Amino acid sequence: NAGVTQTPKFQVLKTGQSMTLQCAQDMNHEYMSWYRQDPGMGLRLIHYSVGAGITDQGEVPNGYNVSRSTTEDFPLRLLSAAPSQTSVYFCASSYSRQGRTEAFFGQGTRLTVV
Amino acid sequence: AQSVTQLDSQVPVFEEAPVELRCNYSSSVSVYLFWYVQYPNQGLQLLLKYLSGSTLVKGINGFEAEFNKSQTSFHLRKPSVHISDTAEYFCAVNKNTGNQFYFGTGTSLTVIP
Numbered sequence: 001n002a003g004v005t006q007t008p009k010f011q012v013l014k015t016g017q018s019m020t021l022q023c024a025q026d027m028n029h030e031y032m033s034w035y036r037q038d039p040g041m042g043l044r045l046i047h048y049s050v051g052a053g054i055t056d057q058g059e060v061p062n063g064y065n066v067s068r069s070t071t072e073d074f075p076l077r078l079l080s081a082a083p084s085q086t087s088v089y090f091c092a093s094s095y096s097r098q099g100r101t102e103a104f105f106g107q108g109t110r111l112t113v114v
Numbered sequence: 115a116q117s118v119t120q121l122d123s124q125v126p127v128f129e130e131a132p133v134e135l136r137c138n139y140s141s142s143v144s145v146y147l148f149w150y151v152q153y154p155n156q157g158l159q160l161l162l163k164y165l166s167g168s169t170l171v172k173g174i175n176g177f178e179a180e181f182n183k184s185q186t187s188f189h190l191r192k193p194s195v196h197i198s199d200t201a202e203y204f205c206a207v208n209k210n211t212g213n214q215f216y217f218g219t220g221t222s223l224t225v226i227p
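Keeping their order, the protein sequence lines are chains X and S.
What the first sequence shows, in my numbering, is residues 1 to 114, in sequence order.
What the second sequence shows, in my numbering, is residues 115 to 227, in sequence order.
Each hint can be trusted.
In silico contact screen, one side only, chain S against chain X (beta carbon under 8 Å); selected entries:
#	residue
1	Gly-157
2	Ser-166
3	Phe-204
Computed footprint of chain S on chain X; a stretch qualifies when at least three of its residues, placed anywhere within it, have a C-beta under 8 Å from a C-beta of chain S:
#	segment
4	43-49
5	88-96
6	106-112
For the record, the hints were derived by calculation from the structure and aren't laboratory data.
As the structure is a computational prediction, the values presented were derived from the model and not from experiment.
Every residue, glycine too, gets a C-beta built ideally from N, C-alpha and C.
So that you can see chain X by itself, here it is in the shape it has in the complex (with noise of 0.2 Å):
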């Protein structure tokens, strides 16, 4: 099982610019989240999935779009890129079954907006 595999690892990308940051999980979790990790604020979530075609926001969505067509894959789409997002992205998967639950974290996106 590769787990939770996000591309790409690092990207730059100019003021106004859009692009998509790609997960995609292989564990059959029903949930998906997007977290951004800035300096200071630990971890925050910008949106989540509890299944296949149902996506919510979570405390910092503004100037992000997710979809989630399928199980295996939630994208996370920045619509016009601003200095602000600069940021450490992080996708997650979890699971919730019997009084269990965890999340399990891919290795990052690196994003830097000039």
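Please build the complex by placing chain S on the supplied structure of chain X, with the hints as guidance.
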């Protein structure tokens, strides 16, 4: 709403000394508690979790944590740290919804030789 407070942003400690990383949470409902570790330029890896049962939870790499419901705390401890424990540590809560994990701001542990 849930919130997580990690009281120390940076903790330096000498090799082979004990360490405690503090975590407090607030929630109107019962939550599950987690500690994750992040080594430089890597993703987050689960150290340990409290779901139910014994309030003392043992994890990987010799770490343990104790759930204290009355003090709403879930402090992480290790009796003797190694250089390889240098990393960022995150406390997190979840309502057992499977999604929406809420993280603290992290504690940077530096082990000094």
